[in-house]
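Its first residue numbered 0, the sequence shown is counted upward by one per residue in numbering that gives the first Met the number 0.
These are calculated hints, taken from the structure and not from any lab test. The structure presented is a predicted model; accordingly, all values stated were derived computationally and were not measured. Worth double-checking, as some hints may not be accurate.
[Said to hold, decoys possible] Only pairs whose alpha carbons sit at most 20 Å apart, straight line, appear in this in silico DMTMM-like list of lysine to aspartate or glutamate:
1) Lys-314 / Glu-257
2) Lys-352 / Glu-384
3) Lys-369 / Glu-359
4) Lys-314 / Glu-359
5) Lys-145 / Glu-124
6) Lys-301 / Glu-230
7) Lys-249 / Asp-199
8) Lys-345 / Glu-384
9) Lys-249 / Glu-406
10) Lys-249 / Glu-412
[To be verified] Using C-beta positions, here's what the derived DEER-type ranges look like:
11) Ala-220 / Pro-328: 26 to 34 Å
12) Pro-89 / Ile-413: 36 to 44 Å
13) Asn-83 / Leu-112: 19 to 27 Å
14) Gly-208 / Asn-140: 40 to 48 Å
15) Glu-317 / Pro-347: 28 to 36 Å
16) Pro-328 / Ala-294: 17 to 25 Å
17) Asn-286 / Ala-417: 32 to 40 Å
18) Pro-114 / Leu-400: 53 to 61 Å
19) Lys-301 / Pro-114: 46 to 54 Å
Each residue gets a CB set at the ideal place from its N, CA and C atoms; glycine is no exception.
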Amino acid sequence: MHPKNNNRRNQPNNRRPQKRRCPDDARHAAARLIWLVLEENRTLDEVMASEESYAELSGVNRSFAAAIAKSTLRHLGHIDVLLNGALQKPLPETAFYARSILRTGIAQYLADLAPAYAIIDRAVELAKSNKIAFGMAGLVNAILRKIVTKEQKPELKIEDLLPAVWRSRYQSFYGNEITKLIANELLTHSPIDLTILDGDPVDIQDQFGGEILPNGSLRLASLPEGFTALEAWANGQVIVQNAAASIPAKLLGAKPSENILDMCAAPGGKTMQLAATGAKVTALDLNEDRLRLVAENLARTKLNAKLICGSAQNKAGENCYDAILLDAPCSATGTLKSNLESLWIKSPFDLPKTIQNQEELMRTAAKALKKNGRLVYAVCSLEPEEADLAVAAAIDAGLRLDPIKAEEVSGLEIAIEARGTMRILPHYWSDKGGLDGFFIARFLKL
Numbered sequence: 000m001h002p003k004n005n006n007r008r009n010q011p012n013n014r015r016p017q018k019r020r021c022p023d024d025a026r027h028a029a030a031r032l033i034w035l036v037l038e039e040n041r042t043l044d045e046v047m048a049s050e051e052s053y054a055e056l057s058g059v060n061r062s063f064a065a066a067i068a069k070s071t072l073r074h075l076g077h078i079d080v081l082l083n084g085a086l087q088k089p090l091p092e093t094a095f096y097a098r099s100i101l102r103t104g105i106a107q108y109l110a111d112l113a114p115a116y117a118i119i120d121r122a123v124e125l126a127k128s129n130k131i132a133f134g135m136a137g138l139v140n141a142i143l144r145k146i147v148t149k150e151q152k153p154e155l156k157i158e159d160l161l162p163a164v165w166r167s168r169y170q171s172f173y174g175n176e177i178t179k180l181i182a183n184e185l186l187t188h189s190p191i192d193l194t195i196l197d198g199d200p201v202d203i204q205d206q207f208g209g210e211i212l213p214n215g216s217l218r219l220a221s222l223p224e225g226f227t228a229l230e231a232w233a234n235g236q237v238i239v240q241n242a243a244a245s246i247p248a249k250l251l252g253a254k255p256s257e258n259i260l261d262m263c264a265a266p267g268g269k270t271m272q273l274a275a276t277g278a279k280v281t282a283l284d285l286n287e288d289r290l291r292l293v294a295e296n297l298a299r300t301k302l303n304a305k306l307i308c309g310s311a312q313n314k315a316g317e318n319c320y321d322a323i324l325l326d327a328p329c330s331a332t333g334t335l336k337s338n339l340e341s342l343w344i345k346s347p348f349d350l351p352k353t354i355q356n357q358e359e360l361m362r363t364a365a366k367a368l369k370k371n372g373r374l375v376y377a378v379c380s381l382e383p384e385e386a387d388l389a390v391a392a393a394i395d396a397g398l399r400l401d402p403i404k405a406e407e408v409s410g411l412e413i414a415i416e417a418r419g420t421m422r423i424l425p426h427y428w429s430d431k432g433g434l435d436g437f438f439i440a441r442f443l444k445l
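All chains, please: the whole structure from these sequences, using the hints.
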């Protein structure tokens, strides 16, 4: 008679997965990031700042995890087309981690981040090492072998990069061809733009490199190493700001003698543009933490503005300002290229509440303007409702459209609509790297 074996690992009927060391920390972190972004509707930046498995990485591993996560979000529409086509039945809704392993694996294939054997091997090991996905290791192996071992990548519809609910809207509003052009922007990396607040643009270009755009912004592929030590940065002459985002403040035409309100100021890019004109600028924002960012940015650029924390309805006043910039909270669907998760964590069903807030802010801004005052309304949105309903609210509040002229927006004449408003789409200047999508309208108070 054999003695009783107390070693649980030798008992064949004990099938509970043992806790193992993660076989690939970078790929595990990437899968965790995608899981949290898509299942909890959080931004990638938020998750990167809080996720322990990513924070513990350093150097090459952290860069690799970030590259996988960003590639997954960039290609997510195509990834899910391939994944759904390879599955005989949908994954259980509870298979969060296994789904993330598969998505990040397919992303590595589409973005050429790793060879097929490494993608499959590491994905299977990740599934085996995690008690949540332990029972799905075989499925992970089979699905990835079906997809990533093909030398010739499949031909996929470019518009399928967009989530179906947004894609159908854009096809309805803009047509199929423009929708394809918008979707295609997801496949190119978002450049870095600098707005020049002070100094000679050519001298600043000599320091940073890059290309001076028609609107005066300096476009870089990335910030150079040690950029904070460069004279223009150290002296506060430049700020990081998408070229499209720099246009609303310029169209306001602030003058040194004027009282200007930046109504939803954080994080402060437009506040600094206005302050650089010498105008008396008040920066108003509801969020104290975000307003602190405005203060930090003003300090770096050595500019001045009065900061007020509170709601516009309570703090803006009446007949106080010569000009107001209202860069209203919005769906931010125009930033789909720089914020790759934006269309995946938001829904058109959220728009009514957003639009209601925009209309209320517009009425508040109209009251706060002096007679003959100017107002520029801007949203980084592709949604027509966030444009048209705000314009209607402004007119109902006694404002009149002040048409934007072609000579004011060099290189973006195509964006000017018949009524004199601007609608900048992400594929404009695509040969230079594209733009954030924006709607901009200017008004006068008579």
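Going through the hints against the structure:
no. : hint                          : verdict
1   : Lys-314 / Glu-257             : 19 Å, holds
2   : Lys-352 / Glu-384             : 12 Å, holds
3   : Lys-369 / Glu-359             : 18 Å, holds
4   : Lys-314 / Glu-359             : 14 Å, holds
5   : Lys-145 / Glu-124             : 17 Å, holds
6   : Lys-301 / Glu-230             : 14 Å, holds
7   : Lys-249 / Asp-199             : 18 Å, holds
8   : Lys-345 / Glu-384             : 16 Å, holds
9   : Lys-249 / Glu-406             : 12 Å, holds
10  : Lys-249 / Glu-412             : 15 Å, holds
11  : Ala-220 / Pro-328: 26 to 34 Å : 30 Å, holds
12  : Pro-89 / Ile-413: 36 to 44 Å  : 42 Å, holds
13  : Asn-83 / Leu-112: 19 to 27 Å  : 22 Å, holds
14  : Gly-208 / Asn-140: 40 to 48 Å : 46 Å, holds
15  : Glu-317 / Pro-347: 28 to 36 Å : 35 Å, holds
16  : Pro-328 / Ala-294: 17 to 25 Å : 20 Å, holds
17  : Asn-286 / Ala-417: 32 to 40 Å : 37 Å, holds
18  : Pro-114 / Leu-400: 53 to 61 Å : 57 Å, holds
19  : Lys-301 / Pro-114: 46 to 54 Å : 51 Å, holds
Consistency with the previously given hints is maintained throughout, with no hint failing.
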